[in-house]
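2 protein chains.
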Amino acid sequence: MAVNRQLLLAKRPVGEPAPDDFEVREEELAAPGDGEALVKVLQISLDPAMRGWMRDTPSYVPPVGLGEVMRAGTTGVVVESNSDKLAPGDFVVGMLGVQEQGVAPDSALTKVDTNVAPLETYLGGLGMPGLTAYFGLTEVGDLKEGDTVVISGAAGAVGSVAGQLAKAMGASKVVGIAGGPDKCQWIVDDLGFDAAIDYKSESVGRRLHELLPDGINVYFDNVGGEILDAALANLAWGARVVICGAISQYNAEDGMRGPSNYMMLLVRRARMQGFLVFDYVKQYGEALQRMAAWRNEGVLTTREEIVEGGLEDFHPTLMKLFAGENTGKLVLQIAKP
Amino acid sequence: MAVNRQLLLAKRPVGEPAPDDFEVREEELAAPGDGEALVKVLQISLDPAMRGWMRDTPSYVPPVGLGEVMRAGTTGVVVESNSDKLAPGDFVVGMLGVQEQGVAPDSALTKVDTNVAPLETYLGGLGMPGLTAYFGLTEVGDLKEGDTVVISGAAGAVGSVAGQLAKAMGASKVVGIAGGPDKCQWIVDDLGFDAAIDYKSESVGRRLHELLPDGINVYFDNVGGEILDAALANLAWGARVVICGAISQYNAEDGMRGPSNYMMLLVRRARMQGFLVFDYVKQYGEALQRMAAWRNEGVLTTREEIVEGGLEDFHPTLMKLFAGENTGKLVLQIAKP
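In order, the protein sequence lines correspond to chains A and B. By the working numbering, the letter at position 19 of the first sequence is numbered 19, and the numbering carries on one by one without gaps. For any residue, its number in the working numbering is found by taking its place in the second sequence, counting from 1, and adding 1000.
Keep in mind that the hints were calculated from the coordinates and are not lab data. Hints should not be assumed to be uniformly reliable.
Here are some, though not all, of the chain A residues that point toward chain B, as calculated from beta-carbon distances under 8 Å [what the hints assert, rightly or not]:
1. L266
2. M272
3. L276
4. R303
Here chain A is said to cover these stretches of chain B; the calculated rule only asks that three of the stretch's residues, wherever they fall, bring their Cβ under 8 Å from a Cβ of chain A [unchecked claim]:
5. 1250-1258
6. 1261-1271
A virtual CB, placed ideally from N, CA and C, is assigned to each residue, including glycine.
With the rest of the complex left out, here is chain A (with noise of 0.2 Å):
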């Protein structure tokens, strides 16, 4: 029988998760059940929302137990299928986790066209990052001709997205803040934003404040902390703020820190409203035709930013990520079709 090797969540980190806060092990490989496929991970997507899994309180999914498989988005190609929907050869996107091969039913897999984009980018901006900021901003920043938006974490796998489709969709003024001159030129000079706030060399609120005078109408944040006290600061009149994630905070070993701004939300009218992609599944469909068509138009590129390695690398790419290390959308690759 064939041998399968996974990465478990062993212990929940305390603050930043730690190397051996995780633990490979081998187990026999099962055989794919009726409806079901086998599946050769190629890809493994790196997320802010996993520090969350690995924490054990009331959240939108339970946590990762201890002892399973850390949960993880994943490319892969179908080696054994028992579906008449797949087919060895196959590429598909799943929930399959931070392991080598997986076995899920075909209701869990979704075929994915790799003559329309490479694999990763279905774990960036065609997949859930850019369904995130897709209805993000639709359904929850309610984004109207004309309005002035802001992007926190804006050259990230979402953020990224978020800021094109916001200029597709016809805002204003589209602001990121981003950390470091590098991405801060990428999301300006590539991905055609407006205007890019350095937020480790810029004072945030007086920066907003200069390219914004009349105020942010949708604030799209990513990261929590000091920076989204610096937006709210500086809303206009019935502004939106949508509660995309709170990356800064994640790994605070003292609890999250709320944003002490929160009564601008009365002097200014606005509301903050919290969200999960999930919520849009019915119309997964015709966002990605959308973004799709803008991807292949050149309105909206995407960038994945692939880790080469195996299960052992998941720990060092993560911690890439919480230090912002990464352009785009991160990827760990642990195996070629």
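Starting from the known structure of chain A, fit chain B onto it as the hints suggest.
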């Protein structure tokens, strides 16, 4: 010429307002101009918002300037009138500030009928606090029949009305959070709240979970701080958090504390929204009519706590408010008609 006495803001308070942040001055009383009336101030409204007005930071109204009369809602009686809309002897409500007499244009004074309710009620249940409760629930909280509702500061001027209005509008269960057994008993026994939580002796989070295991649909927040966090942890899916005030934070010397559980907005797909009653001025008439009818039918109980004194009593009475010593609307009565 007649002499007027006024309470000025002498210094900007740091933390809790101190007695010498204020100063009494005598001035010669100006005569009312065209369309204006001279009003003898009878009652002064004490409001949590006053702390914000003393602060020199961007807000929904300009701060009270140093050396200016402290801003305040007031009731009074017209002494002299140069307006055909007001006659001597008329009772009025307006923002005359902390002074013994004041001159204002007729457009800034609202004539009230003391046969419908006592004068002080127009500073409370049938005044700004009552209207704040009304529009917070209806326009911001989007209250629907069958919703569970939680109100903080539930024995205060706004909270005590909000809980009763929520019941009158069809909430399935209304829980109030207040400080001390007397207030808790009052809101349940006299006002008809379904339950009360005494934040001084109980764990708010645990009690909310016990009382509303399916979560909170509408949370009306007057206090901020730990209680807001406890409520956020207990939201139902799609909940609305109405940001009305944050009295627990107004005197904090090291700045406001933000709600560290704000990511529950994402987990529960909830929204947090701020508002000010002034936004709904066109609907005041209709709201007051409904509330006066409810008050008449005994559905709405309003309570005012009247402190008798002079301008010198403004500071100690304000501190009573921040110490949570009042039940219902706190009013300083400086003269009789």
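Hint-by-hint comparison with the structure:
1. Interface restraint check for A/L266: the shortest CB-CB distance to chain B comes to about 3 Å, inside 8 Å, so the restraint holds.
2. For the restraint placing A/M272 at the interface with chain B, the shortest Cβ-Cβ distance is roughly 5 Å, inside the 8 Å limit, so the hint holds.
3. Because the closest C-beta pair between A/L276 and chain B is about 7 Å apart, less than 8 Å, the hint holds.
4. Nearest Cβ of chain B to the Cβ of A/R303: about 25 Å, over the 8 Å cut. The hint is violated.
5. For the stretch 1250-1258 of chain B, the assignment as covered by chain A holds, since 4 residues bring a beta-carbon within under 8 Å of that chain's beta-carbons and 3 suffice.
6. Here the stretch 1261-1271 of chain B counts 11 residues with a CB under 8 Å from a CB of chain A, which clears the bar of 3, and the coverage holds.
The earlier numbered hint that this structure contradicts is number 4, and it is the only one.
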